[in-house]
Amino acid sequence: MNRHASHVEISPGVFRERMGLFFEDIEVGETYEHRPGKTFTEEESSPQALRALDQSPEFADGHYHRKVIGGLMTINPLHVLAVLTGMMTKTFSKVVANLAWKNVRFLEPVRAGDTLYAESTVLEKRESKSRPGQGIILVRTTASTPDGLVVCTFERHILIYGRGQGPYEAAGY
Amino acid sequence: MPEFTAYVPTGEKRWRERFGLDFEQFAVGQKFQHRPGLTLSQQDSRDECLDTLNQQMLHFDQQFAAHTEWKQCLMDSTLTTKVVMGMTWKTFAKRTRLLGFDEIALTKPVFGGDTIYAESEILELSDWPEEPRVGRLKVCTSGLNQRGETVARLVYDVLVARTGQDYFARINY
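The listed protein sequences correspond, in order, to chains F and Y.
Once you know that position 25 of the first sequence is 25 in the working numbering, the rest is easy, because the numbers rise by one and skip nothing.
For the working numbering, count along the second sequence from 1 and bump the result up by 1000.
So here's chain F without its partners, still in its complex pose:
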């Protein structure tokens, strides 16, 4: 099967959606542009911080924000990182577990109304020594506005299933 296939034909004329690349199908040096982008909103700024127990007035208090920062509400950088990571989950879907983020850089603040797009480049891949049939990839992700302003970059180590591994067939995926 084509490694980029969007569907698998499970019986004649019946197609099931599939997502993501198995370890063998990931090539070092390739870049994947993730879609959709996401527009961050004034409405999500405060609840996203409060649900994480974060009561920083920068996120919770619009009056404070106007006086010391100005402009539209700032989005919690941890929420930005979460959304960018979420954007990666269709291409990097055959995941056993997320191992780590490295070198996360918040280069520009993200404000309500900003839209971000993410793209990921595969830097390294190696088979797992302790987990036969699985491998670890290292990807670098860059998030930009539609005008090309880079606002966040990071790397991720992800543990990925090899072909034929994982629960997909048994679980109806």
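No lab work stands behind these hints: they were computed from the structure.
None of these values were measured; they are calculated from a predicted model.
Accuracy of the hints is not assured; some may be wrong.
Derived DSSO-like pairs: lysine-lysine, alpha-carbon spacing no greater than 27 Å straight-line [what the hints assert, rightly or not]:
1) Y:K1071 - F:K129
2) F:K129 - Y:K1138
3) F:K67 - Y:K1090
4) F:K129 - Y:K1090
5) Y:K1031 - F:K90
6) F:K125 - Y:K1108
7) F:K129 - Y:K1031
8) F:K102 - Y:K1013
9) F:K129 - Y:K1108
Starting from the known structure of chain F, fit chain Y onto it as the hints suggest.
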């Protein structure tokens, strides 16, 4: 013993809540145990995924997850990360900027029903010449579960206001 205060006087027998240490109050080797902790549910993990474009069904399809080595849905690690950082806000409330993370390592799986606590250790202090009113802290914040096991380890740089230079003082917040 150094004493850190949670209030500033605003009048006769009046006190206003004021959070966070000044840069000068931090020292290498200090450890902070953040309170409260937070019990995360499977619903929290599901909501986080759907809010952040995360299509990794390991976090929200129980039937799929039952076929994995985890046998149940795994907590979305972006939520764990957010909550661990969010819990630190009171001690680090005079933070003016989160520069980035050297590393966010996910060291043990988290499941719905687990309770997370955060602890921080100050690793480094330095001046920040381009903005003399702040200093830079390098911090390691760990997320611990109800058994005291480390589930996440975050190493990051933040800028923290020096005495009298924080936004709260500036706008009489």
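Here's how the hints hold up against the structure:
1. Simply put, K1071 of chain Y and K129 of chain F have alpha-carbon atoms about 23 Å apart, close enough for the 27 Å limit, and the pair holds.
2. As the CA atoms of K129 of chain F and K1138 of chain Y are separated by approximately 33 Å, the hinted pair breaks the 27 Å bound.
3. Between K67 of chain F and K1090 of chain Y, the direct Cα distance comes to roughly 20 Å. Compliance with the 27 Å bound is thereby established for this hinted pair.
4. With a C-alpha separation of about 42 Å, the suggested pair K129 of chain F and K1090 of chain Y falls outside the 27 Å cut-off, and the hint is violated.
5. This hinted pair does not check out: K1031 of chain Y and K90 of chain F have alpha carbons roughly 39 Å apart, beyond 27 Å.
6. Taken as a hint, the K125 of chain F and K1108 of chain Y pair is honoured in the structure, with Cα atoms around 22 Å apart against an allowance of 27 Å.
7. Between K129 of chain F and K1031 of chain Y the alpha-carbon distance is near 36 Å, which puts this suggested pair outside the 27 Å criterion.
8. For the hint linking K102 of chain F to K1013 of chain Y, the alpha-carbon distance of about 48 Å lies beyond 27 Å, and the restraint is violated.
9. Under the criterion of a C-alpha separation no larger than 27 Å, the hint pairing K129 of chain F with K1108 of chain Y is consistent with the structure, at around 19 Å.
Violated hints for the displayed structure, listed by number in ascending order: 2, 4, 5, 7, 8.
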